[in-house]
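For the record, the sequence lines run as chains A and B.
To convert a position in the first sequence, counted from 1, into the working numbering, add 135.
To convert a position in the second sequence, counted from 1, into the working numbering, add 213.
Don't read these hints as lab results, they were simulated from the structure.
Please read all numbers here as calculations on a predicted model, not as lab measurements.
A portion of the hints provided could be inaccurate.
Taking lysine-lysine pairs in the DSS-like style, the calculated list, with each CA pair at most 25 Å apart, reads [what the hints assert, rightly or not]:
1. B:Lys255 - B:Lys283
2. B:Lys527 - A:Lys307
3. A:Lys159 - B:Lys357
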Amino acid sequence: MVNIAFFVFAAILLASAVRVITAKNPVHSVLFLILAFFSAAALFVLIGAEFVAMILVIVYVGAVAVLFLFVVMMLDINFQELRQGFLRYLPVGLVVGAILIVELGFLAATQLVGPIEAAGSASAIPPASELTNTQAIGHILYTDYVYAFQASGLILLVAMIGAIVLTLRSRKGVRRQQIGQQLDRKRDEVVALRKVPTRGGV
Amino acid sequence: MFETLAQLWDQLPLIIRIVASILVIAVPLLIGMAMLTYFERKVMAAMQLRQGPAMVGPFGLLQPFADGLKLLGKETVIPAGANRVVFVAAPMLTFLLALVAWAVIPFGAGLVLADINVGVLYLFAISSLGVYGIIMAGWASNSKYAFLGGLRAAAQMVSYEVSIGLVIITVLLCVGSLNLSKIVEAQKTVWFFIPLFPMFIIFFISALAETNRAPFDLPEGESELSGGFNVEYSSMTFALFFLGEYINMILMSAMTSVLFLGGWLPPLDIAPLNWIPGPLWFIFKICFCLFCFIWVRATLPRYRYDQLMRLGWKVFLPFSLIWVVLTAGVLVYFDLLPN
Chain A
136 MVNIAFFVFA AILLASAVRV ITAKNPVHSV LFLILAFFSA AALFVLIGAE
186 FVAMILVIVY VGAVAVLFLF VVMMLDINFQ ELRQGFLRYL PVGLVVGAIL
236 IVELGFLAAT QLVGPIEAAG SASAIPPASE LTNTQAIGHI LYTDYVYAFQ
286 ASGLILLVAM IGAIVLTLRS RKGVRRQQIG QQLDRKRDEV VALRKVPTRG
336 GV
Chain B
214 MFETLAQLWD QLPLIIRIVA SILVIAVPLL IGMAMLTYFE RKVMAAMQLR
264 QGPAMVGPFG LLQPFADGLK LLGKETVIPA GANRVVFVAA PMLTFLLALV
314 AWAVIPFGAG LVLADINVGV LYLFAISSLG VYGIIMAGWA SNSKYAFLGG
364 LRAAAQMVSY EVSIGLVIIT VLLCVGSLNL SKIVEAQKTV WFFIPLFPMF
414 IIFFISALAE TNRAPFDLPE GESELSGGFN VEYSSMTFAL FFLGEYINMI
464 LMSAMTSVLF LGGWLPPLDI APLNWIPGPL WFIFKICFCL FCFIWVRATL
514 PRYRYDQLMR LGWKVFLPFS LIWVVLTAGV LVYFDLLPN
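When you get a sec, could you build the whole thing from the sequences and use the hints?
Right, dumping it as structure tokens:
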């Protein structure tokens with residue numbers, strides 16, 4: 136049963152990954168990318184890594200891909216130009232693909248040891264049967280890999296601040312809503328009751 | 214009698230048991246959704262000194278079913294410039310996502326379809342996918358109003374998810390588990406809306422934004438976008454959006470009840486209150502939240518778009534972040550951390 140599920144999800148994953156790069160319409164590409172993320176999450180569930188699966192869906196499908204779709208939908212795309220680019224970028228893509236294949240082969244050849252074994256006996260790790268894998272990830276992240284974890288947090292922070300710095304520009308002559316100022320106004324300062332005589336005006 | 218039934222149940226094939234348990238959740242949910250539209254119209258009518266639906270059936274109770282039948286009988290119009298596949302897939306996706314989230318909601322002690330370890334994350338993941346139905350509908354319709362509605366929905370839902378995530382983290386800090394049943398059981402002494410009252414308010418307001426309800430219904434904005442993302446939809450495709458939106462409302466109310474209002478637990482574990490079975494308490498709490506949803510809609514005008522973004526990013530996000538740190542600090546200092 137699990138095997139059948141694995142092959143179904145793996146087939147969907149590969150097929151949608153192929154469609155990502157072959158689909159003519161970029162919006163379709165992003166939608167297939169989402170399907171690929173989703174199938175990958177399903178594969179994670181099958182190997183019992185439900186925390187990673189959910190995070191994959193939340194972060195990639197729920198946030199990153201939404202922004203992808205957001206941008207791609209707003210682009211005014213000329214399909215002719217895209218075709219021309221295809222041949223020009225093909226060598227770069229092939230090189231990246233080749234490097235990835237070599238890396239994967241390297242991993243398979245050296246029988247990669249999992250992070251738990253790699254960490255050795257630096258800290259007492261309870262057996263997986265007593266822990267949910269959310270807790271297990273927490274134990275590893277905050278003990279053996281705490282510096283790497285903090286460093287990646289800092290990198291993300293820098294990226295975030297960088298994005299803000301790049302896009303922030305102060306333009307002159309823009310009227311902004313000052314909510315504090317609006318709330319601070321007293322009735323007497325802004326409203327006045329006057330008796331206006333007929334045909335007299337204010 | 215009961216035991217023989219239970220034995221019979223165990224003898225049924227797995228697939229039939231699964232389908233039956235899904236139907237036991239989905240069918241009452243759909244009926245509840247129909248009654249919610251009736252409830253909404255009646256409550257809003259009462260608040261605005263009108264009568265509301267009163268003609269079809271006793272007290273107008275059959276009005277939602279009449280509306281549904283009417284939609285079923287209409288013609289499905291697909292605009293000429295629309296992307297047909299995505300156009301039809303969008304409402305189906307919205308409806309599907311609204312339904313699948315119910316798999317992990319605990320209706321009572323042990324009364325849950327899938328009691329998974331990462332229940333909260335599952336709910337969060339599914340509700341963060343809800344935006345796709347809307348954004349796909351907006352794009353595929355090939356209409357500027359629908360497109361604007363879709364873009365607004367994407368920006369709005371992504372913004373408010375961030376604060377919802379932080380609110381959930383605060384609750385998880387107090388529970389020490391991602392399992393929804395355990396979250397409810399952790400509230401036996403005190404419901405979380407008392408110690409975490411500000412987060413309860415933020416969660417409720419973010420839920421309004423997440424379900425695109427008034428005063429955050431900018432993706433629909435009938436006065437400016439003539440109906441928003443679903444302007445090109447008709448007949449059953451529209452009905453699926455409508456169903457999805459209302460089921461999402463019920464889902465968000467259920468999440469509020471589970472996270473803050475003690476799920477199936479009675480307010481106090483004393484005699485007359487704990488005679489009422491848990492699922493009834495749960496339904497009662499959901500109805501209370503839904504009433505608040507409708508109350509807000511009948512009371513408040515729509516937010517302006519920049520105000521909506523300001524509220525999400527500049528008010529809710531910093532505040533909930535501070536509250537996460539504060540909660541963690543208090544829990545560590547007073548040695549109250551679970552486990």
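Hinted pair B:Lys527 and A:Lys307, Cα distance within 25 Å: Holds - the C-alpha atoms of A:Lys307 and B:Lys527 are around 22 Å apart, at most 25 Å.
25 Å Cα cutoff - pair B:Lys255, B:Lys283: holds (20 Å)
Hint consistency between A:Lys159 and B:Lys357 [alpha-carbon to alpha-carbon, up to 25 Å]: holds (23 Å)
Comparing the model with each numbered hint stated earlier shows that all of them hold.
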